[in-house]
Every structure is written in C-alpha cells, then in structure tokens.
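Colleague: Here are the chains, one letter per residue:
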Amino acid sequence: MLDEEHVGRFAPFKVSAYTAFFISNLVVFLIALSVCTSILLFITAITVPALFTRLSMLLDPVPFLIVLVFILLLAVVIAARWYTSEFFRTFIYELRGDYFFSRKGVITPSYTLIPYNNIQDIHVEQSIYDRIFGLWAVKIYSATFSRRGSDIIFGLSKKTAERLKTETLERMRGVKQVVD
Amino acid sequence: MSTETLIERYPLEKRKILKKTVQSVFGIIAGFAVLFFFFLNVSFNLFLVFPVIVLILILSVVSYIYQWYYYRNYFYDLVEGKLVVKKGVISTKQTTVPLGKTQDVYLDQDIFDRLFRLWDLHISSASQSSGFEAHIDGVSEANGRAMYNLLLGETVSREEKAEIKEIYYPSNKGIVQMMIGAIFMYIVLFMFSFTLPPIIQIPALILAFIGLFVWVHLEFKSFRYELRDDGVFIKRGFISPKESLVLYRNIQDVEESQALIEIILGIKTLSVKTMTSLSAQDSKLSFLLPDAAEKLREEILIESRKISKVLEKKVAGEKVIARDVQAEVEAPPPYKNHFIKSMIYTGFINYGVIAFVIALVSFFLGVFHSVNFFGGLFLSVGIFPLLFIISAINAVIVYMTYSYSVLRDYVAIKVGLFNIRRKQINYNKIQDLVLNITFPQSFAKLASLKLETGSKEMVQGQRGKSSERITSVSRLVESIPELEFMDAVNLRNKVVELMGVSLKGIGMDSLVSRFPLEKVKPFKKTLWWIIYLTPVALVLCIAANQTGISVLGIIVLLIIYLLAIAGKYVYEVYYYRRYFYDLNDDVLVIGKGVFGSREIIIPFSKIQDIFIDQDILDRALNLRDLYVSTVTGRSILNAHIDGVNPEKAEEIALMIIDRMHDR
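As they're listed, the protein sequences go chains A and B.
Going by this note's numbering, the final residue of the first sequence carries number 292, and the count climbs one at a time with no gaps.
Going by this note's numbering, the final residue of the second sequence carries number 681, and the count climbs one at a time with no gaps.
What the hints contain is simulated information worked out from the structure, not anything from laboratory work.
Possibly wrong hints are sitting among the right ones.
To be verified - Short derived list, chain B residues pointing at chain A, Cβ under 8 Å:
#1 K100
#2 V115
#3 P116
#4 L117
#5 A152
#6 H153
#7 V649
#8 M678
Glycine is no exception: its CB is placed at the ideal position from the N, C-alpha and C atoms.
Same shape as in the complex, but just chain A (with noise of 0.2 Å):
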C-alpha cells in the first residue's frame, strides 16, 4: 500500500551508480561466500576427516579446486547483477504531502517514515569511492538517537541531490516548530 502509492520516482538513478553499487555488492558477496566456504570446510574437515580422503581419491583436488572457485565466481557475480538491478528497481524514495518516504532493500525491504518537520537537517555528500563514479548521496536527519533516525539516498547525479535538498527544505519551511 505504502509504495503502490507513489507516481513515479523523484528522478531517475545515475546509470553509473548500477556500476558503483554492483561492484561494492560484489566485493560484500565475495568476502562473505569466501568466510562461509572456508568455515563449512572447516568443520567438514573436524568432524568428518574420512569425507576429504574419500574425495581426494575419487578426484585429482587441483582441476576440482578450479573448477569449484569458477563456479562460485560465477555465481557471486549473477547473485550481485542481480541483486543490485533488484535493489535499484524497488528503491523508492519521495516527498509526499505530509512526510519523506522512503523503501529500501530487496529481500527484506524497511520503510522510512520522517515527518517534514521532525527533519533537523540535511546533507549533501560525496564521499571519495562516490566521487569515482561521480555520486552524490543525500543524508536526511531526525533527531531520533537510534541508528535509524537518519535515511541515506544515494546514487544521485549532482543536479539530482541538489534538487532533493531544496525541496525537501521547501517543504520543510511550511512548518516551524521545535523539538521538546
């Protein structure tokens, strides 16, 4: 209900910002296959030693070992393509009448919801990976303490994040009141 309800996008994601993403996903996939693979060999390798003799028998490890690091690769490389068309496809962030709203994530997706006037301030940013790529990320704050308090749009073009910014700020003016 909450993301059928929107029109369409603020603006468009930067084409490169598929690139940045895919290959910080990449880097995320590969670190985390890489430590489950070593631990499920680990305990493999504790508890059921005969399973590995067995095998190295059957198999010559060399070509296997190649053959399994390819496979996986492969597979890293599909799971990050597609998780990051994915990502960007149900990314939704708008400026709605009364509140910022934005969904982010593909298998379990969050909600953000921030009142205009809860907002305390924003931010424009570019951070050195970014600014390969030439992204910019908008950073909008409530005053919450928890972690949450603050949602991060990222993958915009200059022009984009700029736009965002005065927006969000028109519509904060609106309304005035103080946090107690």
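The hints should help you fit chain B onto chain A, whose structure is shown.
Modeller: Same frame as chain A, but now just chain B:
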C-alpha cells in the same frame, strides 16, 4: 539583505592553512618519534636522520597543499534562514541546518587555534551528526562573534534579543577542587622527574609547581556564567576557551550533581542538557554555591517553561493548557517507594532462580555423569545469601537517599549517597512514560515509572565526538521506582495530565482489536528460537558424549531441548495474547510482557520518525515490524509493534503520521 555570501562577509583566515599544516607536522613528527623509540631498534646516524628529515619535509608540503585546497573549497552561507556548510577536497560534504532547528551554539578554540588566534563556531541541531559536521573552523575572533550573533539573531525572534540578565561567577571553593586535580598531575610529573639529572630535576619541579598554580588560577578565573534572554551562556577555559549558549527552549532537563569532593567543599554542579551530544560535556556550570545553584536552576526552569509555553501557544492556537488548572504544589512525594519490599522479592526470586539452576545442573551432572559434581549443590546454597546481602546493602542505600517530588511545573528526582544528583524535568520535555513491572515486582504488586527526556549522558572519559559512546540510558535519576501498582498508575495518570495530553479512549475499541497481530507470530518467534537453540544443543550433546556421559543423560538433554522449545512456544502465545497497543488523538500506548509487563506512552508530538522493517522470517511469513522512535535511546526497545500484516502496518503508520501532522 546584501547579496554577498556569508563567507565573503566573514571569511576564513588564511592562517588556517598554516595552523592545520603545523598541526599535521606535529602529528607526523610524533608518529616518527613513536616509530623510532618503540618499534625500530636502530641507532641514529646521518644516513638515517637525513632521509627522515626529507620525508617530513615532503609530507609537510603535501599536507600544506591539501590544506590549501581544503581552504579553497570551504564554503558557508546563510540562505533563507538555513545555514549551509560545504567542505572537503576529495570527498565533499555539504550540510544544511535550518536555523529553527538549532539546539545550541558554541564558539571555541583548541591550543593550536589559540596560537594562531583562530576560532571555531559550532552549530548543533538535535541530529546525531550535526554536532561535529556543522562547524565553521578558522575564523578570526571578530568574525566569529559577528557570525555567532547573526546566527543567533536568526535563531531567536527579534523581540528575544540576547541581553545579559544576570552574571554568575563560580565560588572560590572551586579553586580547591581544581587544585586537587593539579596536585595529582604534579605527583605524576614528580615521578617522571626522576628520569632527569638532579641539576635539572629540582628547578624543573619548582617551575612545574609555579606553572600549575598559575594555570589553575587562570583556568578558574575564566569561568563565567550568564543568564541571557534567550539562553544560558557558559564561558570557560583559559588554554582552550569555549563559549556556549544553550537556548532555553531546547533544555531537556536540569541536573544538579555533587560528587564526594563537592559534598565536602559544599559546592554543586548544574548541568543544563539539550538533546545534542555536545551538550553532554559542555553545558556544565560547575563550582556553584548551593544557594546560587538553586536560584540559577529555578530561573533556568522558569525561562525554559516560559519559552516553550509561548511556542506551544503559537503552535496550538487558543488551546487551553490543562496544567494551568492544576495549581496545587505537592512537595513531598505523593506515593511511597517500597525499596526494601522490592529488594526482598527481587532477591529471593532472582537469586533463587540462579541457585536453582546451579543446583539442577550439578544434580544432573552428579546423576548422569562420571564427574559426580554434587558440590554445586553446596555452591548454590552458599551463593544465595552472599548475593542477597549485596543487593540488600544497595537497596538500603537507595532507600535512604532516594526522593522525588511531583511539583506543579516539574518533576524532581534526587538520588545518590556519595555522588548526589538531583534532576528536574519540565513536563513538556518528557518524551515518553514507561510503566514497568518486572517479574519479581509482579509478585510484590509493585511497579516502576520511568520518565524519559532525551538528554544525553556522557559515558566516563569520552569526548563527545564519537556518538556511539554517549548513551541516553534510563537511569534511576529518571525514574520513580518501586511504587505500589495502583499508586504507579495514579501517578502515571497525573503526570500524563500534567504533560497536557489525555489518555481518554485508550482501551476502548482498541487498535489491537481492530488491527490484530498475525496468528503466526508466536510460531515465527519459536522458529528463531529453534534456529538459535539447535546448534547449542548439538554442541552440548557432542561435548557431553565425548566427556563420557551415559545414554540416559543424552536422552534427558534432548528432552530438555524439546521442553525449551515447547516452553518458548507457550511463552510466545501468551506474549501474543497480552500484546496491547492503542492510540487516541494524543498518545500512542504499547504494552507487552508475560512475566512482568512494560507499558509505554508516547505523545504523538514527540515521535520523530516511523520505520517499518522485517527480517528474513518475517518476509517468509508475511509479517512486518513497526518502529516508532523518539529522541530517547530506549524508546526503540519498547516502542514497536511487531508481527502485523504488511497492509495493517502501513495503515497504522499512516494513522500515526496523520496524528503527528495534527500537532
């Protein structure tokens, strides 16, 4: 209005580049020194010294160029009441703070700033990051002050222009307290001085003594507190001066504290806290005589109420505020706290459970295992009185020192034996109310009431920069514990009324009956429990098997495992049945808990944002969690409704948003 930007009118000083370079060169040299003294075991000669000097020179030049670019890219301006600060060479950061959101303003200097006669201006809003991101550093004193006034002029409306009403100086007794610190420092220096040859040692010690004395004197003289029309102004520090203005309207609570040394000297520290993390460390008014502290406290509280009433009227129009009717002052605590009773119940139940578990484990091992560990039975008997005595002493101390009063305008809570703290909370600053009943309390028919403001607490010895370390945990000084259940409910209703909201309609045709939780929720929770518990059980069984336990023992372990799962399911079903949430036009109420219970009341005006999320099992079973957050740290723990249908979650979110908008 002139068209020139703020940075054109009040430019950064060129010296800033030099200052930053000097600072980094110092860092580089210190780094090399550490490297050579501790890690590289080489003797000095010309071949080594030369490249090191060249390296340092190159690094200095690089850092100079970097700083030059940084200076070039620095930008700040005031656009339609919003402060924009932009900086960064490689990565860029641009911060926009609407001045209406400003919590407090600081002007300060560190040692290098002082050498180069530069000032830093900090603007802090209530968000976590603005404290250290929204600052303008490296302006001259005149420009700094001009901007400070300009920003404040924008922050407060024209009729509340800053004018000094009253000036307070700290009591001379404070110098004694500072001296004690200096003496400790001197002792450390004294220890170190033995590494020096005697000819240097004695003059150095004398010099250090005089130096410390002069330093303490100057530091002490630099303290100055002013009550202005718009806020409390605090000035302190000689080597690195700091001026801060805490606006009345942002003060969450006022806390008086007295550490042991302060009790002996008869002075007090007053801290005025806002929501910013910077205020946790910087807004202390120390070394006040009790009378002065009391006077100052009352005045600050009155001012802060006055301002928020003006604002409230602006926002609410002609809405009559309920608390004006409630005129009677109740200085003595209206309801009695039962610390001892609670201690007895809590002690018996908690330690009883611990002892029981130890006894059970040792019995199990004794019967099924070759270890024959019956000694645990004795251990469990021994541990019980020991823990009980410790908690009894604690309870007696709290019983003797705790007191609270519910006044017409604020709640005051006092606690502590050697470190006395007294906190005053204005009703309009209370973020949420938690009525908490723990498991032992439910037997004793007691309950605790927690009043949460959003002020941040400094964790010992941490600078404000890392927001991670500053918590706003709920402490005794923010709660009224161990009341009779009915008393707690009455008190809660009273506080709610004084806060200016009503509980009318809560419990009738409640939200939970209209938008119930999903039936699969207990199942999902149990599933997580199984996922966590199974590996533990497996490891335990394998370990037990390898240390030579009988087959019967393993069967018993497995039965325990199954019982734990069944128990969890039953628990979750009860949890599900007792889950309660409701809202009226003013507040959101969420209650839960099986053995005890926790009920949180949040006025809609205090809700900051809403967040809906799900974990992987939620996704599979089509459930959502709805979080409501206020500025307090604990609200996120209590204020969530988890396990509702996606559509319902979204509908509830929109209902809350609507009510927030009405405020």
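Colleague: Against each hint, give a clear statement of whether it holds in the structure.
Modeller: Right, here's what the structure says about each hint:
| no. | hint | result |
| --- | --- | --- |
| 1 | K100 | holds, 6 Å |
| 2 | V115 | holds, 4 Å |
| 3 | P116 | holds, 6 Å |
| 4 | L117 | violated, 10 Å |
| 5 | A152 | holds, 7 Å |
| 6 | H153 | violated, 13 Å |
| 7 | V649 | holds, 5 Å |
| 8 | M678 | holds, 5 Å |
Violated hints, listed in ascending order, are 4, 6; each of the other numbered hints is respected by the structure.
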